[in-house]
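Here the sequence shown is numbered in my numbering, starting from 1 and rising by one per residue.
Hints listed in this document are in silico derivations from the structure and should not be mistaken for laboratory results.
Keep in mind that this is a model prediction, so the values were computed, not measured.
Each hint should be verified, as a subset may be incorrect.
Straight-line Cα separation of at most 30 Å, DSSO-like style, residue types lysine-lysine; simulated pairs [stated by the list, open to error]: (1) 16 - 96; (2) 196 - 142; (3) 235 - 96.
Simulated DEER-style distance windows between Cβ atoms [claimed, not checked]: (4) 186 - 6: 33 to 41 Å; (5) 137 - 43: 28 to 36 Å; (6) 99 - 214: 22 to 30 Å; (7) 234 - 136: 12 to 20 Å; (8) 129 - 200: 30 to 38 Å; (9) 126 - 183: 48 to 56 Å.
Note that the Cβ used here is the ideal one computed from N, Cα and C, for glycine as well.
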Amino acid sequence: MYEFDSRVRYSEVDAKGRMTWLALMDYFQDCSVFHSESLQVGVDYLAKNHIAWVLSSWQICVNRMPRLADVVTTQTWAYGMKSFYGYRNFAMNDEKGERLAYANSVWVLMDTQTGRPQRIPQIMPDTFGFEPQLPMECSERKIRIPEQTVPCPSLVVPQYFIDTNQHMNNSRYVEVALEYLPEDFSVSEVRVEYKKAAVQGDILVPRMLAETDRVTVVLGGEDENVYAIVAFLRK
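From just these sequences and the hints, can you work out the full model?
The following block contains the structure:
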């Protein structure tokens, strides 16, 4: 397990002083990067070997969002690898050890030269090791696309959405999708299925369906291909 302590910054909270979903996802994502860097299999190692871990799906659950200036501990650990899939859990706790948020994630190791999945080399499980899987009710990796959706305004992927993999960063898809939530919709869980990486200049054509306990946002392209599907579940 890897963990780091932090204090919730003003730049990470919403109008009510609570950590935003975007900030929470960034904490989890940063924690996994710190974990890899601490073991010398981070960004530079991956680039040198022409491979990259690409997120396939998220399931993030929140018991209580931390507030401004709260001290939090963010944790991550790998719990399995098989073929070209890697499985990783995340957790965020407060100073008393109370579980604030937790997540399950599925990753794919990609060959960056061919753009195809690559079987995970033995150095990865040997380096990371495995911890027990977090006891939680895991959702299916794939998210059903509703038949009836409402079109939303399109947008062009800007440069500041792009990360070191030269793709739109994982959390930015959720940032875009959050704009289409009804004002009175309180989110307890976010699920994301990533299908195709968007790059700078791509045009996102969102569609959404708001149901009583669930809002689904489909982030597609002009060619009707789907980049990601985001589902928000109500508290």
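So, going through the hints one by one against the coordinates:
no.: 1; hint: 16 - 96; result: holds (23 Å)
no.: 2; hint: 196 - 142; result: holds (13 Å)
no.: 3; hint: 235 - 96; result: holds (24 Å)
no.: 4; hint: 186 - 6: 33 to 41 Å; result: violated (25 Å)
no.: 5; hint: 137 - 43: 28 to 36 Å; result: holds (33 Å)
no.: 6; hint: 99 - 214: 22 to 30 Å; result: holds (23 Å)
no.: 7; hint: 234 - 136: 12 to 20 Å; result: holds (18 Å)
no.: 8; hint: 129 - 200: 30 to 38 Å; result: holds (36 Å)
no.: 9; hint: 126 - 183: 48 to 56 Å; result: holds (49 Å)
Violated hint for the displayed structure: number 4, the only one.
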